[in-house]
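Top line first, the protein sequences correspond to chains X and E.
The numbering of the first sequence is our numbering, which starts it at 1 and goes up by one.
The numbering of the second sequence is our numbering, which starts it at 1 and goes up by one.
These are calculated hints, taken from the structure and not from any lab test.
Do not take every clue at face value.
[To be verified] Cβ-to-Cβ under 7 angstroms is the rule here; a few derived chain E residues that face chain X:
hint	residue
1	Gly20
2	Gly33
3	Gln39
4	Leu41
5	Arg45
6	Tyr49
7	Pro51
8	Tyr68
9	Thr71
10	Arg73
11	Pro77
12	Leu124
13	Asn228
14	Gly230
15	Arg231
16	Tyr234
[Claimed, not checked] Facing chain X, a subset of chain E residues (Cβ under 7 angstroms, in silico):
hint	residue
17	Thr19
18	Phe21
19	Pro23
20	Thr53
21	Pro55
22	Leu72
23	Pro76
24	Lys78
Built from N, CA and C at the ideal position, the CB exists for glycine as well.
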Amino acid sequence: MRTAQAVAWKEIQIYFSSPTAYIVGLIFLALTGFFFTQDLGDPFPEATLVPFFDGAIVMFILLAPALTMRLLAEESKLGTIELLLTSPVRDWEVIIGKYVASLVFFLVLVGLSFFYAILLFVYADPDPGPIYAGYLGFILYGAAALAVGLLTSTMTNNQIVSAVVAMGILLALFFADRAFGSVSGLAGEIIGEMGIRGHFDDFSRGVIDTTNIVYFLSVIAFFLFLSIRTLESRRWR
Amino acid sequence: MGFLGPNGAGKTTTMRILTGFMPPTRGKVTLDGYDVVEQSLEARRRVGYLPETVPLYTDMSVNGYLKYMGTLRGMPPKRIKSRLDDVIGLCRLGDYRKTQIGKLSKGFRQRVGIAQAILHEPQLLVLDEPTIGIDPIQVVETRRLIKDLGRDQTVVLSSHILPEVSMLCDRVLIIHEGRIVAEDTPKNLAQGLQGVDRLEVEIGGPAAEVLPVLKAIRGVNDVSHLNNDGRHTYTIQAQAGQDLRDEISKVVISNGWSLRGMQMVGMSLEEIFLRLTTHEEL
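Isolated chain X (complex conformation) (with noise of 0.2 angstroms):
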């Protein structure tokens, strides 16, 4: 355990070291500062913190990947990772604590967007039900991006094929629920029930369902599990 968080703790700093943070970390903030007011500007504004969510989430799909592209990717490229895996490290100590690290830079933006919704509380009198359950569903939801993220950056030594594919599969996931529409039968239910947007959209509803939450654990438990496999694969016969 401790040497998962000697883990973690390294790729913290070098995350609040290295550009691409705060260059994401900027995106994220300037972008959805745009969606978030908005809706403000209308003749008879809302007090809610919807747009933002629904903004962020689209961008997440985007910004996850290229916080995460670089976790195991680099250490391939540099041949560190023939140092780290030759250490007496077991593989889920690595995955766990650079997804930790990823967690960690996540939610330091989400506490920074906390911002808008502390302006709503002073200026406005909103319902506090789906603001809460909104941030703990975009929690979930960033989690889970950033374990799609883990994994392909846990496949290639190419940062960018990293990015690109966990976008791709962020994607899929994000479009899935059409498949109820076009995809008969079970198969439909089932492709579209693994879409994301079905199951964050009841949480800034303000409705928390535990079969939302079960499904956001899921998906992080199936990604990180395979990212961990895939670590180990370097070792099958």
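Given chain X's structure and the hints, the job is docking chain E onto it.
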């Protein structure tokens, strides 16, 4: 132990298997009784490894990097602290503790690489081409360091620089295309392969007369002659185990020639290497 072979012989692959980075396709490797595949973690605790490319996190400081590697090796913080000073002194990195690794020259990076490999005092130290690509002065220093390290722990190093191996290693293992072609001490390898002893003799006298006389000595297999600006050097191949030096000097003197120099020539590792790894196809 030295690990020798031409490019693509399988040196790095073998080292990767030893360190648990890659599984062997067949067979089993045990380190101190621990199988590198089945009990990988235990085996890995006992190994320090420096890959050929010297992979380091370029954006970390020397200190930070070594601490990180120490933690990964499961060393308690106190031990890391005390070992850090030892290792930095040993690898002479004292002035560069706070320097970012990316700013160090190749030779210093190599030292950082060695420092991380010995930090946790492993029983087995695996160095893949430890002196490649650094300047000659640093090569000498690195070799001295490796030699010192070899007193306390087993060092396996790969190289294709043959004098280096014969200088540093008690045992040499030559591989070619994944197979061991020879294993012995550098000295025995030279003797065993040669089957003959070679003498280089410089004689002052007319070559035309000297040559047949030398050839007539009992135990001489062959003599070749080299005229280097009036310095006549003869290379004498003697039968194995025969020391002909006394005989030769007697003959030379009794003929009234002058004996200007004589030395035994062992076979260099290069020659052994070439002989073992090149197939002579007739």
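Going through the hints against the structure:
1. Gly20: 6 angstroms, holds
2. Gly33: Violated, about 16 angstroms.
3. Gln39: Not OK, violated: Gln39(E) not within 7 angstroms of chain X, min 11 angstroms.
4. Leu41: 5 angstroms, holds
5. Arg45: 4 angstroms, holds
6. Tyr49: Given a least distance of 5 angstroms, the restraint on Tyr49(E) holds.
7. Pro51: For Pro51(E), the interface hint holds, since the closest Cβ of chain X sits about 5 angstroms away, which is under 7 angstroms.
8. Tyr68: 6 angstroms, holds
9. Thr71: 4 angstroms, holds
10. Arg73: Since the shortest Cβ distance to chain X is 6 angstroms, the answer is holds.
11. Pro77: Pro77(E) check fails; min Cβ-Cβ to chain X is 9 angstroms, beyond 7 angstroms.
12. Leu124: 11 angstroms, violated
13. Asn228: 49 angstroms, violated
14. Gly230: 56 angstroms, violated
15. Arg231: This hint is violated: Arg231(E) lies away from chain X, its Cβ roughly 52 angstroms from the closest one there, beyond 7 angstroms.
16. Tyr234: 52 angstroms, violated
17. Thr19: Given a least distance of 4 angstroms, the restraint on Thr19(E) holds.
18. Phe21: Hint on Phe21(E): holds, closest Cβ of chain X at ~5 angstroms, below 7 angstroms.
19. Pro23: Holds - the Cβ of Pro23(E) comes within 7 angstroms of chain X, reaching about 5 angstroms at its closest.
20. Thr53: 5 angstroms, holds
21. Pro55: 4 angstroms, holds
22. Leu72: This interface hint holds because 4 angstroms falls under the 7 angstroms limit.
23. Pro76: 9 angstroms, violated
24. Lys78: With a minimum Cβ separation of about 13 angstroms from chain X (threshold 7 angstroms), the hint on Lys78(E) is violated.
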